[in-house]
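Quick note, the sequences are listed as chains A and B, same order.
Letter by letter, the first sequence follows residues 19 to 291 in our numbering.
Letter by letter, the second sequence follows residues 70 to 360 in our numbering.
Be a bit skeptical, because a hint or two may be false.
Some residues of chain B that are not near chain A, with every Cβ distance over 10 Å (derived) [as the list claims (entries may be wrong)]:
| hint | residue |
| --- | --- |
| 1 | 115 |
| 2 | 121 |
| 3 | 263 |
| 4 | 308 |
| 5 | 322 |
| 6 | 326 |
Here are the simulated DSS-like pairs of lysine-lysine, each with C-alpha atoms no more than 25 Å apart in a straight line [to be verified]:
| hint | chain 1 | residue 1 | chain 2 | residue 2 |
| --- | --- | --- | --- | --- |
| 7 | A | 121 | B | 78 |
| 8 | B | 250 | A | 21 |
| 9 | A | 121 | B | 77 |
| 10 | B | 72 | A | 116 |
Simulated from the structure, these hints should not be mistaken for lab results.
Just so you know, even glycine gets a beta-carbon here, dropped at the ideal spot from N, CA and C.
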Amino acid sequence: MRKTLTKLSSNFLLLMVAAVQLFPLYWMLTFSLKDNKEIFGGNTLGLPQVWQWDNYTSVLSQSRIGFYLLNSLIITALTIMFTVFLSAMATYAIVRLKWMMSKIVYFIFLIGLMLSMHAVLLPLFVNLKPLHNTYWSLVLPYTAFAMPMAILVMVGSLEGLPKEMEEAAFIDGAGIYMIFFRIILPLLRPIMATVAILTFLNSWNEMMLAVTFVSNDNYKTITVGVLDMVGKYSTKWGLIGAGLVVATIPTLLVYIFLSNNVQKSFTAGAVKG
Amino acid sequence: MEKALRDKKAICFFVLPALLWFAFIALVPILQSAYYSLLKWDGMTASVFFGSRNYLEMITDKLFLKSVLNSLIIAGASVFIQLPLAMLLALILHSGVKGEGAYRTIYFIPVIISSTIIAQLFMKVYHPSYGMLNNVLDAIGLGQFRNEWLANADVAMGALLLPIIWQYIGYHMLLYYSAAKSISPEIFDAARVDGATGRQIAFNITIPQILPMIKASVIFAVVGSLKAFDLVYVLTRGGPLHATEVPTTLMYNEIFVKNRYGYASAIAIFIIVECLVLTLVVEKIFKKLQD
Chain A
19 MRKTLTKLSS NFLLLMVAAV QLFPLYWMLT FSLKDNKEIF GGNTLGLPQV
69 WQWDNYTSVL SQSRIGFYLL NSLIITALTI MFTVFLSAMA TYAIVRLKWM
119 MSKIVYFIFL IGLMLSMHAV LLPLFVNLKP LHNTYWSLVL PYTAFAMPMA
169 ILVMVGSLEG LPKEMEEAAF IDGAGIYMIF FRIILPLLRP IMATVAILTF
219 LNSWNEMMLA VTFVSNDNYK TITVGVLDMV GKYSTKWGLI GAGLVVATIP
269 TLLVYIFLSN NVQKSFTAGA VKG
Chain B
70 MEKALRDKKA ICFFVLPALL WFAFIALVPI LQSAYYSLLK WDGMTASVFF
120 GSRNYLEMIT DKLFLKSVLN SLIIAGASVF IQLPLAMLLA LILHSGVKGE
170 GAYRTIYFIP VIISSTIIAQ LFMKVYHPSY GMLNNVLDAI GLGQFRNEWL
220 ANADVAMGAL LLPIIWQYIG YHMLLYYSAA KSISPEIFDA ARVDGATGRQ
270 IAFNITIPQI LPMIKASVIF AVVGSLKAFD LVYVLTRGGP LHATEVPTTL
320 MYNEIFVKNR YGYASAIAIF IIVECLVLTL VVEKIFKKLQ D
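Between the sequences and the hints, there should be enough to build the whole structure, so can you do that?
Laid out in C-alpha cells, this is it:
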C-alpha cells in the first residue's frame with residue numbers, strides 16, 4: 019500500500035515537473051499562432067481559435083531572421099571546425115609526442131576552464147576592434163574558449179586508447195602526419211562529435227560578445243537578431259512568438275536527432291572537469 | 070619511432086596553432102584586464118595610472134556590493150532550491166519508472182535553448198497585463214497576487230530567479246542521474262536483498278557514491294551564478310532601480326555606458342577571483358564531507 023502511494027506520488031511529481039518545463043514552450047508555440055485580438059482578448063493560455071500561420075510567413079519574409087540564422091550557422095560551423103581540428107592536433111602532441119613542455123602546455127589549456135568570456139570582454143573589445151562586424155570577431159573568441167574543454171575531454175579519450183595501431187604504422191614506414199590523419203583522427207571521431215555538440219550549443223547561444231562586437235546588421239547572429247526583432251515588433255506578440263520559435267528550431271532539431279549524444283556531451287565535460 | 074615522436078617541427082605543427090590562438094585570445098586579455106584595472110581610462114583619452122584606487126572604490130561602492138549580494142542570492146537559490154530538486158528527480162528516475170528516457174529528454178530541453186530566447190519568453194510570461202503568470206493567477210482565483218513582476222523592485226529579484234532555476238534543473242538532474250547510473254548495479258541488488266528501503270538506498274548508497282559529481286555540480290551552479298549575464302541583461306538590465314544588478318551587468322554598464330574602463334576591469338578581475346575562491350571553498354566543504 020505504502021509502496022504504491024510513493025510510486026504514485028513520484029510519478030505525479032515527475033509529471034508536474036515535465037509540465038512546468040514544457041508549459042512556457044507550449045505557450046510560446048500557441049501565442050506564435052495567434053493574433054493580438056486573441057492574445058490580448060482573453061485567450062492567452064488556450065490553443066489558438068484561428069491558427070495564424072501568417073505570423074510565420076510574415077516573420078520569414080519581412081524580418082531578416084533567415085539571414086541571422088545563416089550568420090549563426092557560418093560562425094558556429096567555423097568555430098566547430100577550428101575547435102575540433104586544432105584541439106585534436108594539440109591533443110596528439112600532448113598525449114603521444116615526446117617533449118619536455120607537454121605537461122605545462124596541457125596545464126595552460128586547463129587554466130582556460132576557469133576563465134570566462136566576461137573577464138576578457140573589454141580587452142577583446144579593444145584588441146579585436148579592426149575585426150568588429152566580421153565573423154572573425156566572434157569565431158576567434160568562441161574557438162579560444164571552447165578549446166580547453168575540448169582538449170580536456172580529448173586528452174582523456176586518447177590516453178585510454180592503445181598505441182598498437184600507431185606503432186604498427188610506424189614500422190610500415192608511415193610518417194607522423196600520416197599517422198595523425200589516418201589513425202588518430204578516426205580514433206577520436208566519437209569524442210570529436212561530443213566536442214562538436216558542446217561547441218555548437220555554446221557558440222550558437224552566446225549573446226554577450228555577439229551583441230557587443232557586431233553592430234552591422236549583415237553579420238548579426240540569431241541571438242542578437244531576436245533581440246532586435248522583439249524591439250521592432252514590440253506589441254505584435256504573434257510575430258515575436260513566431261520569431262522566437264523559428265530561432266529555437268535549429269537547436270531543437272539538433273536535440274531531437276542527437277538527444278542522447280547531446281546529453282552525453284554535457285556529462286562528458288562534467289565528469290572530466 | 071622514438072625519434073619521429075621527438076621531431077621538433079612536428080610538435081610545433083601540432084601544438085602551436087591551438088596554443089597561440091588560445092594564448093592571444095584568452096590568456097593575454099586576462100593580463101590586459103589586470104593591467105587596465107590599475108588605470109583610470111575612458112578608452113579614448115590617455116590613461117592615468119591609478120594604482121589600487123579602482124579596487125578601493127569598488128569595495129566601498131554600495132551598488133557593487135549589492136550586485137555581489139545579488140549574485141550570491143542566485144548562487145544560494147541554485148544550490149539550495151535547484152540542486153535538491155534536481156537530485157530528487159534524478160533519484161526517482163534512477164529508481165526505475167516508466168518513461169525514464171522521455172522525462173530526461175523533456176527536462177533537458179530548456180538547457181539547450183538560448184538564454185536570450187528564454188529571457189524573451191519570460192518577458193512575456195511576466196507581462197503585467199497579458200502575461201501567462203498573471204493570467205494563471207486570475208484563473209485559479211489568486212488575482213490579488215497579480216504583480217508587475219519585472220518592474221517592481223520588491224519582486225524583480227524573485228522573478229529573475231525563476232527562469233534561472235527553471236532553465237538548468239534538467240542539466241543538474243542529468244549529471245546526478247548519469248553518475249548514479251555508473252554505480253555498479255550489484256551494490257543496489259545487495260542492498261535490496263538486505264531489505265533496504267528506497268530512501269535508505271538513496272541516502273546510504275546513491276548520494277555518497279555520487280558525491281564527486283555533486284561537488285562538480287555545486288561548483289558549476291555557483292560559478293555559473295556568479296557569471297550570470299544573459300538572462301539578467303535581457304530581462305531587467307539590472308533594474309528596476311538596480312534591484313537585480315549583478316557584477317557582470319554592472320561591469321557591462323561601466324564599459325559601454327560610462328566608459329570607465331579601469332573600474333570595469335577591476336570588476337572583471339574580481340569576478341575571476343571570486344569564482345576561484347568559491348570553487349576552493351566548495352572543494353574544502355566536500356573534502357570535509359567525504360572524510
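Status of each hint after checking the structure:
{"no.": "1", "hint": "115", "verdict": "holds, 15 Å"}
{"no.": "2", "hint": "121", "verdict": "holds, 19 Å"}
{"no.": "3", "hint": "263", "verdict": "holds, 17 Å"}
{"no.": "4", "hint": "308", "verdict": "holds, 17 Å"}
{"no.": "5", "hint": "322", "verdict": "holds, 12 Å"}
{"no.": "6", "hint": "326", "verdict": "holds, 12 Å"}
{"no.": "7", "hint": "A:121 <-> B:78", "verdict": "holds, 18 Å"}
{"no.": "8", "hint": "B:250 <-> A:21", "verdict": "holds, 23 Å"}
{"no.": "9", "hint": "A:121 <-> B:77", "verdict": "holds, 16 Å"}
{"no.": "10", "hint": "B:72 <-> A:116", "verdict": "holds, 9 Å"}
Consistency note: the structure conflicts with none of the earlier hints.
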